[in-house]
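Asker: In case you want the letters, here they are:
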Amino acid sequence: MLEVRGLRSGYKRSTVLQGVDLDVGGGRVLGLLGRNGVGKTTLIHTLMGLVSPSAGTVRVDGVEVAGRRPDVVARAGVGLVPQGRRVWAPLTVTEHLDLAARRGRGRGPWDVPRVLELLPRLGERRRHAAGQLSGGEQQMLAIARALLTNPRLVLMDEPSDGLAPAVVDLIGEAIAGMKAEGVTLVVVEQDLHLAFAVADEIAVMDKGQVVHRSPTLEFRRDSSVAHALLGVA
Amino acid sequence: MAGWFDANLVSILNGFAIGALLFILAVGLSIVFGMMDVLNLAHGAFFLVGSYLAASFVAGGSWTGFLTALGLAAVIGLLAGGVLSGLTEPLARRPILDQALLTLGISLIVAEVLSIVYGNDVRSVPPPPGLDGSTDVAGNAYPTYRLLLIGLGLLLALVVWLVVERTSVGALVRASVADREMVSAMGIDNRKVKVAVLGIGSLLATVAGVLAAPVYGARPGLDETILLLALVVVVIGGLGSIRGALIGALVIGQVESLGRALLPDLASFILFGTLALVLIVRPRGLFAGKVAHA
Chain C
1 MLEVRGLRSG YKRSTVLQGV DLDVGGGRVL GLLGRNGVGK TTLIHTLMGL
51 VSPSAGTVRV DGVEVAGRRP DVVARAGVGL VPQGRRVWAP LTVTEHLDLA
101 ARRGRGRGPW DVPRVLELLP RLGERRRHAA GQLSGGEQQM LAIARALLTN
151 PRLVLMDEPS DGLAPAVVDL IGEAIAGMKA EGVTLVVVEQ DLHLAFAVAD
201 EIAVMDKGQV VHRSPTLEFR RDSSVAHALL GVA
Chain Z
1 MAGWFDANLV SILNGFAIGA LLFILAVGLS IVFGMMDVLN LAHGAFFLVG
51 SYLAASFVAG GSWTGFLTAL GLAAVIGLLA GGVLSGLTEP LARRPILDQA
101 LLTLGISLIV AEVLSIVYGN DVRSVPPPPG LDGSTDVAGN AYPTYRLLLI
151 GLGLLLALVV WLVVERTSVG ALVRASVADR EMVSAMGIDN RKVKVAVLGI
201 GSLLATVAGV LAAPVYGARP GLDETILLLA LVVVVIGGLG SIRGALIGAL
251 VIGQVESLGR ALLPDLASFI LFGTLALVLI VRPRGLFAGK VAHA
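Taken in sequence, the protein lines are chains C and Z. Heads up: the first sequence is residues 1 to 233, going by the numbering used here. Heads up: the second sequence is residues 1 to 294, going by the numbering used here.
No wet-lab data here; the hints were simulated from the structure. In this text, a Cβ means the ideal position worked out from N, Cα and C, and glycines have one as well. Check before you lean on any hint, since a few could be wrong.
[Stated by the list, open to error] Partial selection, computed: residues in chain C whose CB lies under 7 Å from chain Z:
(1) Arg-8
(2) Gly-10
(3) Ser-14
(4) Leu-22
(5) Gly-67
(6) Ala-74
(7) Arg-75
(8) Arg-86
(9) Glu-95
(10) Asp-98
(11) Leu-99
(12) Leu-133
(13) Asp-161
(14) Pro-165
I would like the entire structure built from these sequences, with the hints used as guidance.
Answerer: Here it is in structure tokens:
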């Protein structure tokens, strides 16, 4: 579904990604782990087209999207739930949902009623400006916004960041709901609890490369990898 | 109080007329800058194109000429905005100053061409027939056309506000001001939004030029005066904010008219004094529409 080969990318003065290779099968959830600064967010941004790669290929269902504009990548079936949510603060929840739904109408199973079923809290906040929502509600809105474009692949960057444990569980349920509908996900997470709960497989990044890959169960059993690459027991 | 109000009514009304015009101008400038970081310094020149169109077609003071000028101004404004959008596109990833220089260059070229075609004399433009008299406003004779200009300006302001704040197209524009990368990540081509907004913004500038011509005429240098006032409005109101542009325009309208009438000695100081005051108290303007993200 997603095939990344030799992807190099970064910002003006520094190359962050040093040749990333990554495959994610259709309908699978990949948990992407790694210490701060190893290039997880740069990878997400490069996959989405927000950062231009200097080398490498990115294929989504066989379509080459490396170096294309974000709107082209989005139309190829990729959705983004970015770090820090980045909802449009002055717009209401309804305006977010309508904007997204107009893009995604007829392209897949997700419409507004369906998304509100998955994220019922948003239904109670429809008239509120996104800037007035709690962090958890903003995260749900960011998920809803991505989902309504009916993507086949969703990139999520630290969805649990700064959220209370009970809200993280709701996010986990939402991810499970997307997976049940056949959406492929790449979830960057610091929260191992959430990553282990939702991911079929775990990949670990270090120094701009994917250095480890294993099924979640195996990764949990062998704590030496987590210890060596993430600094946790 | 009533006596003061009565004595200054004409200045206050003039202030509203200027304010309404400035809003129409500033709203395009503000949204484009808030959304795309394009500082369109050609905005004043587009206004002047409208004024000279009026000077060309309304010479005898006819409705046909006035409406022809308005229609032509709308088409030319729309096209000019589209062309400008295309020209700034290659500079989209360069610093704001590069784009500002490009639009400044365009504005100089346009102003020079206008000066070659129309000469350097001040052209006065009569209001359309029936609107060239004056109307009694609380005992003061006030030019009818200016009253209409105030009404029309406020009506246009209301329409622009409704479109931006209450329609789905407006939601797209506000989303682009707040975070255009995320709009793009939804599959929407930012460049199309930019062409549309620059087109409509420039249309408003040329149309405002026609509407203002019976009051201010058409003359070289008017473009710079108008651009400066509109920029002050944008800075005071906050980038990308409709409400800010409206309030800023009404404030500057009164500062320009009432301020000059009451304190003629301080006329040139008072405009920038107001700007400085706002910048000291609210450095991002009264209603900044742009929200920073990590």
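Asker: If a hint holds in the structure, say so; if it doesn't, say that too.
Answerer: Status of the hints after comparison with the structure:
no.: 1; hint: Arg-8; in the structure: violated, 19 Å
no.: 2; hint: Gly-10; in the structure: violated, 16 Å
no.: 3; hint: Ser-14; in the structure: violated, 18 Å
no.: 4; hint: Leu-22; in the structure: violated, 20 Å
no.: 5; hint: Gly-67; in the structure: violated, 14 Å
no.: 6; hint: Ala-74; in the structure: holds, 4 Å
no.: 7; hint: Arg-75; in the structure: holds, 5 Å
no.: 8; hint: Arg-86; in the structure: holds, 5 Å
no.: 9; hint: Glu-95; in the structure: holds, 4 Å
no.: 10; hint: Asp-98; in the structure: holds, 6 Å
no.: 11; hint: Leu-99; in the structure: holds, 6 Å
no.: 12; hint: Leu-133; in the structure: violated, 14 Å
no.: 13; hint: Asp-161; in the structure: violated, 10 Å
no.: 14; hint: Pro-165; in the structure: violated, 23 Å
The structure is inconsistent with the numbered hints 1, 2, 3, 4, 5, 12, 13 and 14, although it conforms to all the rest.
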